[in-house]
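Could you build all of it, start to finish, from the sequences and the hints given here?
Protein chains in written order, with the working numbering: chain A, 508 to 611; chain B, 1495 to 1632; chain C, 764 to 889.
Since the hints were derived computationally from the structure, they do not count as laboratory data.
Virtual Cβ for every residue (Gly too), placed ideally from N, Cα, C.
Just to be clear, a hint being listed does not mean it is correct.
[As the list claims (entries may be wrong)] PhoX-like mimics (lysine-lysine), calculated; alpha carbons at most 25 Å apart, straight line: (1) Lys1499/B with Lys1581/B; (2) Lys1618/B with Lys1499/B; (3) Lys816/C with Lys828/C; (4) Lys1618/B with Lys765/C; (5) Lys828/C with Lys1499/B; (6) Lys863/C with Lys1618/B; (7) Lys828/C with Lys846/C; (8) Lys846/C with Lys1618/B.
[As the list claims (entries may be wrong)] Under 8 Å between C-beta atoms, here's a sample of chain B residues computed to sit facing chain A: (9) Lys1500; (10) Arg1515; (11) His1566.
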Amino acid sequence: MRELLIIETRDAGDHKDPERVAALAAGMRRAGITTTIFLAENGAFNSRGNGLAAAISEGVQVAVDRFALDERAIDQSQLTTGISVADIELVVDRLADGACVMWR
Amino acid sequence: MKNAKKVLTFVLMDAPFESSRTATALRMIDASIRRGFTVNVFAYEGAVLLPFKHQQAHGNLVHGRDVEEEDHPLPREWIHGMIALAKKRGASLHWVNCGLCVDERGAGDAIDGVERGTPADLWKMASESDNTLVVPTA
Amino acid sequence: MKHLNIVSSGYRATIEEQDDTVVWITHCFRNAGGEIDMLLSGAAVNYPVRGQKVAPVTIGGRAQKHGPDVHGQVRELVGKGAKVYAVREDVDERAIDLRKLLKEVELVNRDELPALLSRYDRVWHW
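Following this line, the structure appears as structure tokens:
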């Protein structure tokens, strides 16, 4: 595996697993795997606050689905530093490039 | 077109109108078709009802909208539209419903263009694809 | 190409289906010649526990003949040559008696997951 994209759709406020997923992503990055978390659906709530700061500092790329932000009226100015906004095509393009994509 | 001629396989599990994952997954499939990719979908478990022929639109009393005004999209319409869009783009959407899942749910009446298959078909599709994404049930 | 199936929702519709459908499909992939292993997490880590008894259910007078046997499903998958792993922390959180676990199941610490996942070309989370 050379690249991993994790689609995180769960709100960390409701589930404890997104925190574990972020830790997994950081671990994958430390193992030398290019790793991205794509926040979609209620995972968009995780784009604010500090929950992903540690993963980002380890070099995990984090992007959030623009559609999900708009759906929840989450202003881009509120996003945690280091989180970018992307469209669903990001997942499609990474799949096409051969990344391992895991939906959570 | 970027990444033209790629083949992607998606595995869906959720029944219609149950989970936000359905719309997200269908958006990805639509985006893949618009990229010109060949797309396989293996519908497992409740997802075999997504292309069910007998889905019917309804009005919305709460909003005071009749059937026509509500214009409620149905998953079978989205799938039908994507099959047509794929043909128009010189791509293809190959939708396979898991046969055992169809049987136990009585979901045999699917729209045109949907086939019936088995997990061995999924394995073959996945093996012959550039990549596969499993969308688990919520 | 090496695949890893991850099962984390345990006992989901297992009574109705008479199987765990993801463990079941993993069998299908192995039968089709796939090089596929399995990682159990969450409640699914209980699957390899011996002694689970599911009496066939009767509802409305309609009796079920075969209840699910998730332990058997995992045991038989191992018998087909698949490696089966379980997340140790999830086992511990559920106070599962390790002596009751199928001995072939390999416990993996959560911080070992990156190393495990990295060994696979495809990881499918169900």
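Hint check:
| no. | hint | in the structure |
| --- | --- | --- |
| 1 | Lys1499/B with Lys1581/B | holds (14 Å) |
| 2 | Lys1618/B with Lys1499/B | holds (18 Å) |
| 3 | Lys816/C with Lys828/C | holds (14 Å) |
| 4 | Lys1618/B with Lys765/C | holds (14 Å) |
| 5 | Lys828/C with Lys1499/B | violated (48 Å) |
| 6 | Lys863/C with Lys1618/B | violated (37 Å) |
| 7 | Lys828/C with Lys846/C | violated (30 Å) |
| 8 | Lys846/C with Lys1618/B | holds (22 Å) |
| 9 | Lys1500 | holds (4 Å) |
| 10 | Arg1515 | holds (7 Å) |
| 11 | His1566 | violated (18 Å) |
Violated hints, in rising order: 5, 6, 7, 11; the structure is consistent with all others.
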